[in-house]
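Peer 1: Residue numbers (my numbering), protein chains in the order written: chain A, 28 to 315; chain B, 261 to 724; chain C, 4 to 525.
One or more hints might be untrue.
[What the hints assert, rightly or not] Heads up, simulated DSBU-like pairs for lysine-lysine below, C-alpha to C-alpha not over 30 Å straight-line:
(1) B/Lys393 / C/Lys487
(2) B/Lys366 / C/Lys418
(3) C/Lys134 / C/Lys217
(4) C/Lys420 / B/Lys393
(5) C/Lys502 / B/Lys366
(6) C/Lys500 / B/Lys393
(7) B/Lys439 / B/Lys393
Don't read these hints as lab results, they were simulated from the structure.
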Amino acid sequence: MAKNIKQIAIYGKGGIGKSTTTSNISAALADAGYKVMQFGCDPKADSTNTLRGGEYIPSVLELLRVSSRVDAYDAIFEGFGGIYCVEAGGPQPGVGCAGRGIISAVQLLKQQNVYEELDLDVVIYDVLGDVVCGGFAVPVREGIAEHVFTVSSSDFMAIYAANNLFKGIQAYSNKGGALLGGVIANSINTDFHRQILDDFVARTDTQVVEYIPRSLAVTQAELQGKTTIEAAPKSEQAAVYRRLARRVAEHTESKVPTPLEQQELRDWSAGWADALIAVEKNNQRLAS
Amino acid sequence: MTAHEPKLAAAAPPPLAAKTHSIEQIRYGCAIGAMQSVAAIPRAVPVNHCGPGCSDKQFMNLAFYNGFQGGGYGGGAVAPSTNASEREVVFGGADRLTELIDATLKVLDADLFVVLTGCIPDLVGDDVAAAVKPFQQQGAPVVFAETGGFHGNNFTGHERVTRAIIDQLVGEYDGKRVKGSVNVWSLLPYHNTFWRGDLAELKRVLTGIGLKVNILFGPESAGVSEWKAIPSAQFNLVIGPWLGLETARHLEAKYGQPFLHTPGLPIGSGETNAFLRRVASFAGLDKGKAKQKLDAFIADEETRYYKYIEDFTDFYSEYWWGLPARFAVIGDSAYALGLTRFLVNQLGLIPARVIVTENPPEEARDLIRDQFHAIAHDVSVDVGFEEDSYTIHQLLRATDFGHKPPILFGTTWERDLAKELKGAVVEVGFPASYEVVLNRSYIGYRGALTLLEKIYTTAVSASA
Amino acid sequence: MPINLRTPVVESREQRLGTVIGWEGRASDLAAESCYARGGGCGSKARRVCELQSPFTQGSVCSEQMVECQAGNVRDAVLIQHSPIGCGAGQVVFNSIYRNGLAMRGLPVQSLHLISTNLAEKDMVFGGAAKLERTIRDAWERHHPKAIFIANSCSTAIIGDDIDGVASALEAEIGVPVIPLHCEGFKSKHWSTGFDATQHGILRQIVRKNPPKKQEDLVNVINLWGGDVFTPMLAELGLRVNYVVDLATVDELAQLSEAAATVTFCYTLGSYLSAALEQEFGVPEIKAPLPYGFAGTDAWLRAIAKQTNREEKAEAYISRERARIQPRLAELRKLLKGKKGYVSTGSAYAHGLIGILRELGVEVEGSLVFHHDPVYDSQDPRQDTLSHMLDTYGDVPQFTVGNRQQYQFYALLQKIKPDFIIIRHNGLAPLAARLGIPAIPLGDEHHVVGYQGIVNLGESILDVLAHSKFHQDLAAHTRLPYRKWWLEQTDPFVLAKEKQAAQAARRKPTPLSSSVRRVTAK
């Protein structure tokens, strides 16, 4: 292919704000003149909701379910700023195999040369962060995304999930898999939150790409079915997203992370829990 | 064991390179290969919930290019299959299965339908029980077993199938037991290439001593009615080192039915006599009139057998052009044990190497080893367990066969090796792609004579 | 639609060509519905033929099996089956075929070396990549093959084992091509995708990318294990044969890009490989009817001759051969007069066989093909074997497409009541046999190639007609496993049509909002 299409994958634990973050990155990039495709890899098929005003679009797997011959273009729809939106889709809860669904959906688009035909600059895979089986790791593999970012808050559960993801990346790193670009720190409102994540990335040999504060603007935009970039383009929050988007677009050096072992992780979080308690006690003392 | 004669032992296998899981030139199918166990029951049909190739693959290899046996009433190309596609994987296949069972009942005429699962529904987690239940509740003769390939081989699958039929079709029973009737659990249909003739011979000799036999599989079986009669039999008889034991134990727990386990597949008069006496004793047929019948039958068979052996002796003692002395056996434990005992004790051949290939469960291996250590009072074999043909062939190449050409009792995979070792091969088990088998047996009284014909026809053909 | 070799995963048949496995009607109708549309073009995507889907299906054949019989039959390569042991069961049948194939070609007979990774339950949960690595190393240590193929399976495709990554890593370690083939059974409704998967891997990793020389007298012949009829035939034109894929060596596969042309015995098999060789390596694909019957063989030879500048030799051969077989052909036509035949084989091959039968004067009122490709990868109407058959030999009124479903075969045979059937796959002949109808099993697919092939088929028919004594005796003593109700059905697709009607009534697609903007292909 003549043009080198930048392919990145963004992983995040369910509910952490990954789709919000990813959609805003896509919107910011589109605004900046890039040709973007956002490929949602979550069985809920709602990754690109805020780019299309919440309107229904058929997912790749829904199309495959009905017909054994699918034209990829039947699953690609234009959203805000001309962003090409695709949802992989997946089975209902409790049946089937969502992981295999991701494999099938990604393979279909790859085979039909759509990225080249659409003359894309960037493809962003938005992937469910609980990488529970092979299928969910497919975007990380050779020939798909080159860089992976993970969205995490300073909540320990989110950090655990990020650490797990690092294990997956490490496992694929010697087989041509994507390397880690860094952590997108979401819902960071205090210095304390910031410190927790800074410490984590220091220990796992990666970096924080951007700190995103919790913001009402985001909530308001979502309720309107829009990204912050679209609903409040001149807001502070939008500026943060634009900065993040630029960093992601210009990012070149990804690395192999060094995830913490189980015991290490427990010890590390226990240490921060103690620190958290100490801070709380101090605050209470100061308040009283 | 006599004090002054040392035990002649086959040399222990040489140490191998680090053991690998890889299997080259396979010795068994996977659990859904038990579709042929269903097909072996007259008028029963397997209904496979699996990918598009599984039924064809298991059938063509176990039942066609293995003795060219044919598929059976409902097996082979007849077997309904969901031929699962991407859709069934991603979205689940239970609906498709329901649709298939429904259509199967319309199209096929059978007494029993056994739904078997392959890798796909077992991985994806299809609720097969829920799909089958409505049909069972309507009284359709449908049962199901979980036989995804990764669960094990077709031996594993076989016992899952028998268990499913017992639990779901036969169900509860608290009626009387019929004295003198027996359920026979022996051999793996189709996989053991000569199973039809073998089961026929087993039925014949057991009937001969006065038993009413549920042979359960094959042309000599009455089909589903025998299966329904299982709980009313006096006892269960497991013939062979281990296959069928789990079933017998289950029947004991479920119906309080006792079982007798005879590890050796009886080949030849000596073995078959001993086998019949042991069964008779267990069944209480070794007293009074029953004992007379037993003795008469054995005497009659033995007399006939030795008439042929006697005539054969001219050849066996005088043939100029050399006959094999040392042998190797490569195959499943039932045939390996039965053959080794016969070759050693009847023919006086020397075991150079015996390898058991069906991956028997750990619990069974000690029994198997003990049986092989006690082949004869002066013959003990250190049996090997190996499934990978490459490794097996290495072992065979490293075996000392003495100064005469060896004879290998094995499979199609041993053909080239036999040539390499300048010996002969007799294909006795899966895969036997150079045998056409209808009702030929190699066991019991009659089968032993057929076996002798085969061995020595092979031996004399070499000189032409 | 150009073939995409940049991804390790081949596109399935149905995706690329619109392949269907259930259809019935007149052969001329099928040709009209197909992409070629009797001479018209079809743009970049093939037209969609309406497919009948039955709720009752019997076991078919899968793509992984075809990989076994292709990649597994490359003489100095090893195929690894990354799967639980069940897929490995296929080693038995393909071993037998391999040995017979070698014997037919006069090559040293040996057993094949397929190795299974023999995965168990815990590998399903924890992944099988480590075992795959070990098995690749075993394959290397044991056999030092010139290439290692890896076939994945339904199970490893579901759990998502990264066979591409493992293959790359091990290739770097060992130094011979390690080729991952994505051929899991559920990937495609028809097994011919397995051919495409094998060929895809070979094109990506074995075929010489910038061959230093071209061999102007070498013709690639894409076939299975057939006897060597092409060497003497093409030698008449001063050409040599490069048989692929079965029974070839890795070197012979590598030289695919050096040949002067590519032909095949059946476009079902060769479509992908020959189109890709032309597209990526500039090796011209011969676009002509297949070499069956007079018209087909004439056209095929002339096309090869034109491409390789050997027209004079070809004409000489053609007239000589035609004359040589005339006397026996005349006799055969007399002996076979009034006989009815029924073909049930793969698609393009069947079109050829029907033609030959009609050359012999045998009536063909119906036939079954296991699938139908509305178009081949070249999209070139000169390869439209169905139309060629129609134009040369006329229509076939009862033309059925079905993936070897035995239950359908009963009604089909009842309608036609042929004197014999022709097959190349298992499963159907046993049913015909029980109805008193013998089968000609073409284990050697080349038996019917060319001018001599017409005579060969005629002779085989005479042999097998005597066979009917066996079958009629059997028919009087056997019972089919089908219900009376089913045996009374005259339409083998009745259940499929019921299902179709029910679905049409039920289906209500979710409507797209008018504000949603679709994207169209450029």
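Peer 1: Indicate, hint by hint, whether the structure satisfies it.
Peer 2: Tested hints:
1. Only pairs whose Cα atoms come within 30 Å are accepted, and B/Lys393 paired with C/Lys487 is accepted, the gap being roughly 26 Å.
2. Simply put, B/Lys366 and C/Lys418 have alpha-carbon atoms about 21 Å apart, close enough for the 30 Å limit, and the pair holds.
3. About 41 Å separates the Cα atoms of C/Lys134 and C/Lys217, which puts this hinted pair outside 30 Å; it is violated.
4. Taken as a hint, the C/Lys420 and B/Lys393 pair is broken in the structure, with Cα atoms around 41 Å apart against an allowance of 30 Å.
5. With a C-alpha separation of about 14 Å, the suggested pair C/Lys502 and B/Lys366 falls inside the 30 Å cut-off, and the hint holds.
6. Restraint check: the Cα-Cα separation between C/Lys500 and B/Lys393 comes to about 27 Å, which is no more than 30 Å; the hinted pair holds.
7. About 35 Å separates the Cα atoms of B/Lys439 and B/Lys393, which puts this hinted pair outside 30 Å; it is violated.
Checked against the numbered hints listed earlier, the structure breaks hints 3, 4, 7; every other hint is satisfied.
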